[in-house]
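2 protein chains.
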Amino acid sequence: MTDKLTDFSRLAIHTMTNKPWNLEQAIDGYCRAGVPGITVWREAIEPYGVKEAARMLKASGLKVVSLCRSGFFVATGAMDREQARTENRRAIDEAAEIGAPHVVLVCGANPGVDLPMARQQILDGIHAIEPHARAAGVKLAIEPLHPMYADTRSAVNTLEQANNLVTALDSPFIGVCVDVYHCWWDPFFRAEIQRAGKTMLAFHVSDWRVPTRDLLNDRGMMGEGCINLREIRSWVEKNGFHGMIEVEIFSNQYWEWDQDRLVERIKRAWLAEV
Amino acid sequence: MTDKLTDFSRLAIHTMTNKPWNLEQAIDGYCRAGVPGITVWREAIEPYGVKEAARMLKASGLKVVSLCRSGFFVATGAMDREQARTENRRAIDEAAEIGAPHVVLVCGANPGVDLPMARQQILDGIHAIEPHARAAGVKLAIEPLHPMYADTRSAVNTLEQANNLVTALDSPFIGVCVDVYHCWWDPFFRAEIQRAGKTMLAFHVSDWRVPTRDLLNDRGMMGEGCINLREIRSWVEKNGFHGMIEVEIFSNQYWEWDQDRLVERIKRAWLAEV
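Chains A and B, in that order, are what the protein sequence lines are. Our numbering applies: residue 167 is where the first sequence begins, and numbers increase by one. Our numbering applies: residue 167 is where the second sequence begins, and numbers increase by one.
Hints are computed from structural coordinates only; laboratory data are not their basis. In this text, a Cβ means the ideal position worked out from N, Cα and C, and glycines have one as well. Do not take every clue at face value.
As the list claims (entries may be wrong) - To spell it out: a stretch of chain B is covered by chain A in this simulated footprint if at least three of its residues, at any positions, have a beta carbon under 8 angstroms from a beta carbon of chain A; those stretches are:
no.	region
1	306 to 319
2	346 to 360
As the list claims (entries may be wrong) - Reference listing, derived: stretches of chain A covered by chain B, where coverage requires no fewer than 3 residues with Cβ under 8 angstroms from a Cβ of chain B:
no.	region
3	179 to 192
4	308 to 316
5	345 to 354
6	382 to 394
Isolated chain A, as found in the complex (with noise of 0.2 angstroms):
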């Protein structure tokens, strides 16, 4: 088993983990906390606009991860499909000026348009935005979403559909973004890890709460529930991944919680459970 992590600098926080947070108290309080990385969401970036947002994140000295996210490439519509392309460059757009290497691709699903038209309309819509990211420089992580999200987020639900559609769009700026959350039950997760290889851009980590409350917003923070953190990190480490480990969690208990007492326990679960 691999060992446990001794500092905090493969530590990064996405944006939404404090959501009560706006984007300068986010930077403020992670510089504050000694954490050295940040994956911005674009709700963050919002109010600031992308140019003040660039400023505020190049003066903090903070490493920028990843833009979450976009994608979301699924409609019942070619003009609502052709919309979602052009959020999607400017996303790409956004991200180069933060410096982001890469945008997260929640691929989307939409009840109303069938699974196997769904992944379909997916592929075409990354086809169709890649020379767009490969003009920018960013690269596109495509993350699988939880089986549960299949309605409305992503028909794209296990990392061997993500690898897939990687094997498939053939470039160097299409990859996989592997979150614990949506894959830790997948029997495949291990050996999709290794299929992944050098495609796999980011990584990551949570907890599954035991019992989960609510689908969407009752992530546990790492340790509180029953995904094996410490053997997943091994899996990806192995397989050559030692990028920043991004905590995501999407809880109504933490976000009412003084944030940044919520930071600090982060960094607690981080030395003793990732």
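Using the hints provided, position chain B relative to the given structure of chain A.
Frame of chain A; chain B shown alone:
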């Protein structure tokens, strides 16, 4: 696409769908409504004892489609695993007594047992009870459960895994139970239905509500959600399954209804949506 169903000859309802009813009320309710099939949950038998329940079911003329549910093979201690096997043998005897051709296996999961180990315990557990099933002339229907239940209910989360167990265990008394609620999202669902072939013993229907408000008790009425039911029925029928189709809906909402009205609602959805 398969034609609509024009009569109720293949309709069966799970007693748990009408949870507010006791077994006597369920039997009366289904007979009154012209529902020919019943899948009996062990909870519904318990207040009567199996002999009395068997007598009531026989007298009713209803077709007993399945006994739900046994399994739960996963535990941290060997004693508990042995107890689970004993309980499974008891369930097999109950199925024989009430005339159910098979027992549905919800295979079990335990946050204290990692998933590869859990899956091994499931294989071992089914292997251990198979001789009892064979002697009783009762089949075992392995039901894959949605990945959101991988923490405490089942480490068998795809039809592929269930089919792999059937292949490994290689007994005419072991097959699979296909529930659209658990499997609809799976990109290999259709392929694995084909692979199951004649080992497919049971077919459960309901729908995936958008949004789903509760992980356990918010299943939708057929047609109320995003599952392409008619198409899935066409897959199982092309593949040779023409048995009873079981309506299994756990729903806090529908359990508040007058249960006769709920049965009528099911019959309307049956004709329009299944």
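A quick look at each hint next to the structure:
1. 306 to 319: Holds: 6 residues of the region 306 to 319 of chain B have a Cβ under 8 angstroms from chain A.
2. 346 to 360: Since 4 is at least three, the answer is holds.
3. 179 to 192: violated (count 0)
4. 308 to 316: Per the Cβ count (4), the hint holds.
5. 345 to 354: As far as the region 345 to 354 of chain A goes, the hint holds, because 4 residues have Cβ atoms under 8 angstroms from chain B.
6. 382 to 394: holds (count 3)
This entry does not satisfy hint 3, going by the numbered hints stated previously; all others are met.
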